[in-house]
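S.K.: In case you want the letters, here they are:
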Amino acid sequence: MKDFEDQLREVLRPPDVPAGFANRVMAKLPEAYPMAAPRPMLRRVALWAAAAVICAGSIAAWQVERARDERVRGEKAREQVMLALRITGSKLNQAQSRVRQVSADGESTGEQQ
Amino acid sequence: MKWLVRMVCVLLLGVGFASAQEFPWKVNLDKFAAESSETVDVTLDSNMLNLAKNFLSDKDADQRQARDIVSQLKGIYVRSYEFDKTGVYTEADLESMRAQLKSPEWNRIVGVKSKRDGETDYVYIRQTGGKMTGLAVIAAEPRELTLVYIDGPIDLQKISVLGGQFGVPRIDTGHAKVEDSHKGKGEAE
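Listed in order, the protein sequences are those of chains B and U. Using the working numbering, the first residue of the first sequence is number 69, and each one after it goes up by one. Using the working numbering, the first residue of the second sequence is number 829, and each one after it goes up by one.
Bound-form chain B, shown alone (with noise of 0.2 Å):
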């Protein structure tokens, strides 16, 4: 019984391992799973085009607010000068009415002016 215990663990022995044999591995690894090889110039240029994207949406996103603001400004411009203008009209045109209603009241009483 004692035989066959022995016979089986020596079966069962791990091999010796050769010398080297752990060198031997771990410089087949990198043949037998390629690590993603980093690609400095792909990597710089994808940041980049990130930031050229970033920065041209924010241009743009100004450029349209400042429009905006732009069209507002000059909306209200435009309505300030036509109010303007329309209170200057309205009131040379009462001044000159009133003139003419003063002239007709002194030609009326035989007054001249």
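Everything labelled a hint here was simulated from the structure, so no lab data went into it. Please note that a few of the clues may not be correct.
Here are the computed distance ranges between Cβ atoms for each label pair [claimed, not checked]:
1. B:Leu115 <-> U:Asp888: 46 to 54 Å
2. B:Ile127 <-> U:Asp890: 32 to 40 Å
3. B:Trp130 <-> U:Ala920: 23 to 31 Å
4. B:Arg134 <-> U:Pro932: 26 to 34 Å
5. B:Trp130 <-> U:Ser885: 42 to 50 Å
6. B:Leu110 <-> U:Lys902: 57 to 65 Å
7. U:Ser874 <-> B:Val113: 43 to 51 Å
8. U:Asp888 <-> B:Leu110: 42 to 50 Å
9. U:Asn935 <-> B:Arg134: 41 to 49 Å
10. U:Asp888 <-> B:Asp137: 22 to 30 Å
11. B:Trp130 <-> U:Asp888: 27 to 35 Å
Quick caveat: nothing in here was measured; it's all calculated off a predicted structure. Cβ coordinates follow ideal geometry from the N, Cα and C atoms, glycine included.
Mind docking chain U on chain B? Use the hints.
M.R.: Showing chain U alone in chain B's frame:
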């Protein structure tokens, strides 16, 4: 330290000069604004007028005409106050405003004062080198006070063309002055 004082003085003078360029009347209008139930305050300097020009449409006759008028202007300033009660402004206030439109720079072309209605209208023009370079209007009613100052070369004929559109009267440039202070009917000049 002296340079600082000088600098402050120069700055203050500059600010004073700049504000004087804006509005010919150095009066405290805040008191009228505080008492008014409705206020119109339009301040358009040359930058704002240039901006407005771009937004005045060619398709609209009024706006086209307005663009023609403002194209040469340096500024438009309007202050109009409506009051719920009378007596907010005094005759002295009006007199002070009139006094600031001094000859020979300013010439009064219309002056109407109705004692009956308590209404006063004065129209002044400023002439430089034979050209009209400014228009000032003081229009006062018992419950309303309006001040208009237009800075820049103004062609009265052009404005008179607007008679049917803005209600601007045709004004003779011959400076016809009428004065009527008699019998409470009115005073026109």
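S.K.: Against this structure, judge whether each hint is valid.
M.R.: Verification of the hints:
A C-beta distance of roughly 52 Å is found between Leu115 (chain B) and Asp888 (chain U), which places it inside the suggested range of 46 to 54 Å. A hinted range of 32 to 40 Å for the beta carbons of Ile127 (chain B) and Asp890 (chain U) is consistent with their spacing of about 38 Å. Distance hint check: the CB atoms of Trp130 (chain B) and Ala920 (chain U) are about 52 Å apart, inconsistent with the given range 23 to 31 Å. At roughly 46 Å, the beta carbons of Arg134 (chain B) and Pro932 (chain U) sit outside the given window of 26 to 34 Å.
Checked against the given bound of 42 to 50 Å, the beta carbons of Trp130 (chain B) and Ser885 (chain U), roughly 27 Å apart, lie outside it. Under the hint 57 to 65 Å, the C-beta atoms of Leu110 (chain B) and Lys902 (chain U), about 59 Å apart, fit the expected range. For the hinted restraint 43 to 51 Å between Ser874 (chain U) and Val113 (chain B), the CB-CB distance of approximately 49 Å keeps it satisfied. At about 57 Å, the CB distance of Asp888 (chain U) to Leu110 (chain B) disagrees with the hint of 42 to 50 Å.
The supplied range of 41 to 49 Å is met by Asn935 (chain U) and Arg134 (chain B), whose beta-carbon atoms lie about 44 Å from each other. The hinted window of 22 to 30 Å between Asp888 (chain U) and Asp137 (chain B) holds, with their beta carbons roughly 23 Å apart. A hinted range of 27 to 35 Å for the beta carbons of Trp130 (chain B) and Asp888 (chain U) is consistent with their spacing of about 31 Å.
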